[in-house]
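Q: Sequence:
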Amino acid sequence: MMPWGRTVWFAAVLAVAFAVLGRAELRSEETPLRVRVLTFNIRYGTANDGPNRWPNRKDLVVDLIDRGKYDFVGLQEALRFQIDAIREALPYFQEIGVGRDDGKRAGEYSAIL
1104 MMPWGRTVWF
1114 AAVLAVAFAV
1124 LGRAELRSEE
1134 TPLRVRVLTF
1144 NIRYGTANDG
1154 PNRWPNRKDL
1164 VVDLIDRGKY
1174 DFVGLQEALR
1184 FQIDAIREAL
1194 PYFQEIGVGR
1204 DDGKRAGEYS
1214 AIL
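With positions in the sequence shown counted from 1, the corresponding number in our numbering is that position plus 1103.
Mixed in with the good hints, there may be bad ones.
As the list claims (entries may be wrong) - Calculated cross-link-like contacts (lysine to aspartate or glutamate; reagent style EDC-like; alpha-carbon spacing at most 16 Å):
1. K1207 with E1180
2. K1161 with E1180
3. K1161 with D1187
As the list claims (entries may be wrong) - Pair ranges (Cβ atoms, derived):
4. L1167 with D1205: 26 to 32 Å
5. L1163 with P1194: 17 to 23 Å
6. D1205 with E1133: 41 to 47 Å
7. R1137 with A1209: 32 to 38 Å
8. Y1147 with E1191: 16 to 22 Å
9. R1208 with T1134: 38 to 44 Å
10. R1137 with L1163: 24 to 30 Å
11. G1210 with L1163: 21 to 27 Å
12. L1163 with T1134: 28 to 34 Å
13. N1144 with Y1195: 18 to 24 Å
Since the hints were made in silico from the structure, they are not lab data. Where a beta carbon is used, it is the ideal one built from N, C-alpha and C, also for glycine.
Using the sequences and the accompanying hints, generate a full structural model.
A: Now the structure itself:
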């Protein structure tokens, strides 16, 4: 390679390096991405929990999720009707998950909203 060819090649490598490093430095000054996540064992809704049974705690669960402005909510021990109630109250959430008994809708879920 001719000396001027090496110089041009070296200058190109430096230009790319400065462009990448300059962008990385600029990126670090941007506002960091914040993701709010809640994991919540809501206890299955058919338990004989006396005053703590599902109909008495449903509004508390919905309120806690709503007030937290979470991006993702993991639910454990949730039955289908509990997930339906939460999604009805908080329709901005989508859901992914399956029931453990049949891999579809039966049994407890570990759902992600």
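Q: Indicate, hint by hint, whether the structure satisfies it.
A: Verification of the supplied hints:
1. K1207 with E1180: The hint holds at about 15 Å.
2. K1161 with E1180: Holds, because 14 Å separates the two Cα atoms, which is no more than 16 Å.
3. K1161 with D1187: 11 Å, holds
4. L1167 with D1205: 26 to 32 Å: 29 Å, holds
5. L1163 with P1194: 17 to 23 Å: 19 Å, holds
6. D1205 with E1133: 41 to 47 Å: 46 Å, holds
7. R1137 with A1209: 32 to 38 Å: 36 Å, holds
8. Y1147 with E1191: 16 to 22 Å: 18 Å, holds
9. R1208 with T1134: 38 to 44 Å: At 40 Å between Cβs, range holds.
10. R1137 with L1163: 24 to 30 Å: 25 Å, holds
11. G1210 with L1163: 21 to 27 Å: With Cβ atoms ~24 Å apart, the hint holds.
12. L1163 with T1134: 28 to 34 Å: Taking Cβ atoms as reference, L1163 and T1134 lie about 33 Å apart, which means the hint holds.
13. N1144 with Y1195: 18 to 24 Å: 22 Å, holds
Violated hints: none; the structure is consistent with every hint.
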